[in-house]
Structures are given as structure tokens and as C-alpha cells.
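Protein sequences appear in the order of chains A and B.
The working numbering runs 1 ahead of the 1-based position in the first sequence.
The working numbering runs 159 ahead of the 1-based position in the second sequence.
Note that these hints are calculated values from the structure, not bench results.
The beta-carbon is built from N, C-alpha and C at its ideal position, and this holds for glycine as well.
Just to be clear, a hint being listed does not mean it is correct.
Where chain A lies over chain B, by a calculated footprint (3+ residues, C-beta under 8 Å) [stated by the list, open to error]: (1) 368-374; (2) 432-442; (3) 516-522; (4) 549-559.
Stretches of chain B that chain A covers, calculated by requiring three or more beta carbons in the stretch to come under 8 Å of a beta carbon on chain A [as the list claims (entries may be wrong)]: (5) 253-265; (6) 499-513.
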Amino acid sequence: MDFSLNEEQRHWQAEARKFSEEELRPHSLERDQIEGGFEPWDWEIIEKGSKLGFRTLAVPKEWGGPGADFVSQALVMAELARGDSAMSKAFSQNWKWSHLIASACTHDQKERFLKHFLADHRYVMGRGITEPNAGSDNRMPPEDDPKAGYRLRAVRDGDHWILNGEKCFIANGSVGSLFFVDARTNPDVNIRSGGTLFMVPKTTPGFRIGKVFNKRGWRFYQNAELIFENARVPHANVVGDVGTGSVKAGKGDTTGGDIFGDLELAANALGVCDDACQMAMAYASTHKRAGRYLMEHQLVQLRINEMHALTEALRSYVMRVAWQHDRKEHSANAGLVMNWSTDVIQRVTRLNMEIHGAEGCMMIARVDKLVRDAMVWTHLAGDTVQRVKVLRRLGKGARIAAGANAD
Amino acid sequence: MYDLSLTPEQLEFRDTVRDFVESEVKPAALNPKRLEPFEKPLLAGLLDKAAQMGLRSLALSEEAGGAGADGLTACIVMEELGAGDVDLAAVLAQTATLAHVLFDRLMTPEQRKRFLPEFIRNDGNHLAFAGRDPGAGAGWSYHRPLAESAADVQAVKQGKEWVVNGALAFVPNATVAKLFAVQVRTGAQGFATLLVPRNTPGLTVREPLRAIGEVIRWHHGAGAGVAFKDCRVPADQALGGSAAALAAELARGVPPLAAVNLGLGRAAFEAAVEYAKLRRQGGRNIIEHQAIGTKLADCAIRLELARNAIWKAAWTLDHPEAVAGRSVSDLPLHTVARVYTAQAVNEVALLAAECFGAMGVMRDMPLQKYVHDSMVFVHSEETDGAAKLAVAEALAGFRRPAADAA
């Protein structure tokens, strides 16, 4: 057993910590408190981080990216999230699709898209799978209902496909340059065999952004509707084969999709928990109740103990999963750590609020922000389907079904 | 004897207020244009309308011009209002309780004559209690004397007047109150409670806290800080009775506020049930999935238990003989109800929001507001944990030394 980090991993961790403290945290609350769905976004933060490699971190070295390993990726996500969870996600969302491109796209597609992505500090990506009537059904399509899941329709027209329909809650929706979009090429069978994954640049004719969602947490992070009205997408933009479902489209994707996405949410949660622990310690050692520092009350001591125990346990689990990924040992642990990070981040941010709640009629805004950000996990990482889905992996042992998780 | 049947009057109160909430409060409170922005100004027009319906003077005796509702009835009404808008409900709960406590129970006939007519006449006339919550800080001082609070408002007697100086960081209802009952320290040991009309020179209501900034508003209703600078109050505007008696009277305000909290939980739960019956995933309506079913059952169980605790606490405050006669526990049941309800409703709001998936965190939807409102209940005034310590002291039979019982 060896828990030490290598030089490259330590380098990325230090870089991320510095950037997070100097460029994310100082703007975190300010961006969070701007009204509106789109308005909290700030390109300057993305550009600054991009110049340091945080936008393209997961692009393999042979394609000119930093090619950081999974342990480094986990460390960076946690460090960035400690400054601002939503900003961290805005960067790492790109890594998910970098993994996908690297493992599932053709050489031609890499030439056409990866190079742009690497060159442009404002080039970010997203994936459109969720629709108003298809959320959980995309993650776990019911066996007995072939029509369940996304309905966005793609019809072949020569060298193009014509896409019609609508996606919602799509990450980076309002700011993305490229989207991976799941569409039905056959509406009469289930999405595993009737679905196809397309790459849709934002400049596609017939494609536009709809409503930008205004959320309680992760306010900096963008979620929007994608609207397709006879959008023309070249056949050359199909990922993998037609009619194999998005799961199989990413079949070479043993490192992207679910596998990365699960680690991503857990590592991000870890950063938020670190922040909460730090805030609770600082507050409890400087504020008094009934003549004694909060830290001297058993009530507070027990809560601080629990916050740290949960956070350290999450760190061990996150780093173990990252380490397993680097060894290409994929197990149900990725899903389990994501699910469990939901419970941990809820609990730790709430304990932090309980400690700060002693303020009475007011609340320190960042304490509330962490609780609001944490709430996002409940439908993203820890909802029933995300938990039940892991059982498939438990059943299959080390063999995994990758690909269906898109958020 | 155990009888939970409501009287025809109580049922009528409930139905009337429920109709008002469904037809007027909810459409305004849950309008996406109101839900989305951080700041949510008090629904002043609806507050006046509720006052015209008699909800402001709900608990005031009929002789004094009120509806004469007992504690249980007040809780039934406040639950309905809380299901519509917690801020509106919190203001009315505060005024309704104080109207009964001040006018019916604590004022001299002379004082009543001076202040009651204006209260009855003007529907915009609300009441506030400005002072150290008698229970505040008690938890943190667990099994020890209460720590001195430097923030107490001081009063010095000059001739036939009290001269009041000091400030309170937070007074519920301060922004709408026309009459304040102000608890002041009158020396090393003494406390008095003075009736101070809002327009008294030297009384200033500060700007309320905002929903954004480094420190944000974390309370319901219309509270704000209040400052006194050489504020002169006639000596005959002091309320009689001991500090302990005042504390016992103010306990009456606790169950109705818990009922507001309960109402908000019920609103979240009902929204989730409605949605779960419509939303289809996994080949069936989601209410038919075990995971959603148990979430909703957990909500229902918590709400039922909270309502039982609140009703029992309210009834017991009106029937002290039931405690003396050993029918009901002598624990501080109002604190039990408040602590349990705050926790339970917070869990209910989170579970209800989870049933909505991503819609549960969207700002133009009500669920995220229910979650926020429920968290404010858990952590306002004093934290959940510290409030529990007050119950623990009662269990241990701890009696605070008389000097700091105020």
C-alpha cells in the first residue's frame, strides 16, 4: 500500500490549489449571488483556468493536452471545488467529453473537434441526453417499455441527419461550442438499439439554445435547453455506429462516460466538504456562545468530529477509485462513491450550517451556498436510479456497462 | 378521555383560511416571477386582507374585539397560512399571539384603553416583542447560569419616565409593528417590560437584512433590528408581572409558529404527491415505485407526528390543569413540538424536492423555496441542537437560579 502522490500529481494539486484560492474563491459568492440563470457565468474565469490547463486537463498528451492521470484529475477537481463547486464542474465537464472523444471518436473527428477545443480558451462542451419526459429513463430504460427514454428524432437525409426535438437541463448548454446529443434513429425500439450519438457544433443550422435554467445551487454552472428544428448534422458527426445506442457508441470508452462522471461528482463533493470543515473550524474557534468558544461545547465538538471523519473517509474512497481508474480496474466503486458522496456532502454542509446557525436571525452566506450547491447531488448523483443502477455493476463484478450517464 | 374531534367552528376556520390560501395566497406566493429573485418582499396587500378576515386578532378575546380563538385553533389556522406563505403567516402568528398576551393577559385596564382601540381600528397595526427571548441562550448555558448579555436594552427611571437606551439585533415583526413590548434591564437584577408605540421619539427600526451579501437574512416574517436612543417612555406604560410570568405567556407563541412551519412542510408534501401521480418514468407513474412511495410515506409520517406534537402543546398551554392532574407530561411540550417540527419538516421538504428530480432545485419552482424556508426554521433564533438542551435541562430537573431566570 502506498498513498503518496508522484511529482506530477503533486504539481497539479498545487497549481489547482493556488488557482482556486486566488481566482475562484474570491469570486465565488459574488457570482453565486447574481440574479438569473446565465448571468452568474464569467468567461474570464474559464479563460484564466484554461491558460493553466484546467479546461483541457484530460486530453491525452498525444493530442497535445496535459494528459493528466485520474489521480491528478481527482485532486484538481477537489481543489477547484474547495474554491467553488460550480466553477470546478464547469472545467471538469469538459474532461468527461475529452475522455469520450479520445476513446470513441474517429481520427477525422478528433482532427475536426479536438484541435479546436485545445486551441480556443472559450471552447467548452456538453452532452444532451435529458428531455422533459426522459430523465431516469435514459439512465435505466425500463425493459418493458421500448418507447421510454429520449425522443429527439434523427432522420437520415443523404449525407446528413435531420434532428428535431428538445433537450433540457443540459450542462454548459448556454455556453457550449460542441454538444454530444443522443437522438432516436429508430423510435420503435428501446434506446439501447434505437439511439445514436451525434456531435452537434453550436453553429449547426436549425439548432439553438432555449431557456437557461436558474438554479438554487451551482449557480455559476450553466444548464439550458437545446432546441432542434430541422437541425442538419453531417453523418460524419455520428459517434460510433448508427442504432447502437449511446451506450455502445461510447464502447471504447472505458474511461469516460459513467466511469469518469461518477468520480467527478465524488471528487467535487470532497472539495466542498474540505471547505465546510475549514469554515466550521475557523468559526468555532473564534465565536463564543454563553461565554465559551463554540469549540468548547460538546454539541459542536461532536459535529466537527463527524464532519472530519466523513470528509476523510470520502477522500480515501475518491482517491482509491481514481487509482483504480489509472490501473484500468473498473468496479462498482465508482458508482458507489458517487452515490455516497451525495450523503456525505449533504451531511457535512448541514453540520457546518448547524455550527454557524448559532448566528440567530442571520446566516453567513457561504454556509448557505455550500448547502445549496450540495443539494444538486441529490438528483444528479444520489437519486434512486443512480443508486439502483450500480447494482448492475455489482452483479457484473469488474465488467462494466459504460456510457449512459450524461449529466 | 381523549378527543381529537374539532369543533364546527374550528373546521370552518380551517376551510375559510384554506380557501383564502388556495385562491389568493398561493397564486401570488408561488408565481415564478416572485420565486426566482432572491428578495421576496412581504405580500403586504394579502397581509392586510388576512387582517381584514380577522386573522391578526385571531387569539384576542371576543370582549376585546377579537375572534377569541384558543391555542389549538390558532395552530389550525397558522398551518393553513404557512402552507401559503411563511412570511405572511409568521407576521400574523406573532401579532395574533401578542394581541392575546398583551391585551387580554398583561395590560392594566388603563393601558388597554390607551392601546386597544387603535389596534382594533387599524388593520395594519401589528405588534412586536422586543427583548431577549426568555429561552434564548439557555441551551448554550446548559446546567450553568445564563451568561450576561451585553446587548440588553437598559432603562433608567427619571421622574415619571423611563429613559431607554440600547439596541436589539433582531425583533420579529419590527418592520410592520405599531406597538412594541420592550424588555429592558433596569439595574443589576431587575427587568421591566415597557409598551412603546412605534412613533415614540428615540425608537428606530433598522433596515431589514437582505437576501444577498456576506451575511444574509435567516428568519421568516418581517423582522429587523431596533435601536433606542434616549427613548422616553411614561412609567405607567410598564407591564406588570414577573419575568417568569412573561416568559410563560410568550411560550404561547411557540406552537403557532411551529404550525406555520408544519404548513410549509405540508405544502411541499402535497406538491410531491401530486407530481408523483403524474410523472411517468420507469414504465409507470413514479408514485408506484417503492423508492418514491417510501419517501412520500416518510413525509406523511413526519407531518402527522409533528401535527400531534403541536396540537398537544397548544392544548396543554391552554389547560395547565392537565399537567397538574398528571394527564400530560410536564416537559416543555412547546419546545418539544418546535424542535421536532423543524427537523421533520426540513426532512419532508428535502424528500419532496427529491421527488421532483432536477425540478426540485429550479428557482422558478416552489420546491427549492420550501427547502430554504424549512432550513431557516431549523437554524433560526437558536440552533436545533441548543434548543434540545432546553428539553434536556427539564429532564434533569435543572432549575436556573432565580436571578437569571429572566
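A quick look at each hint next to the structure:
1. 368-374: holds (count 5)
2. 432-442: holds (count 4)
3. 516-522: holds (count 6)
4. 549-559: It is violated: at least three residues are needed, and the region 549-559 of chain B offers just 0 whose Cβ sits closer than 8 Å to chain A.
5. 253-265: violated (count 0)
6. 499-513: Check passed, 3 qualifying residues.
Going down the numbered hints, you'll see the structure goes against 4, 5, while the others check out.
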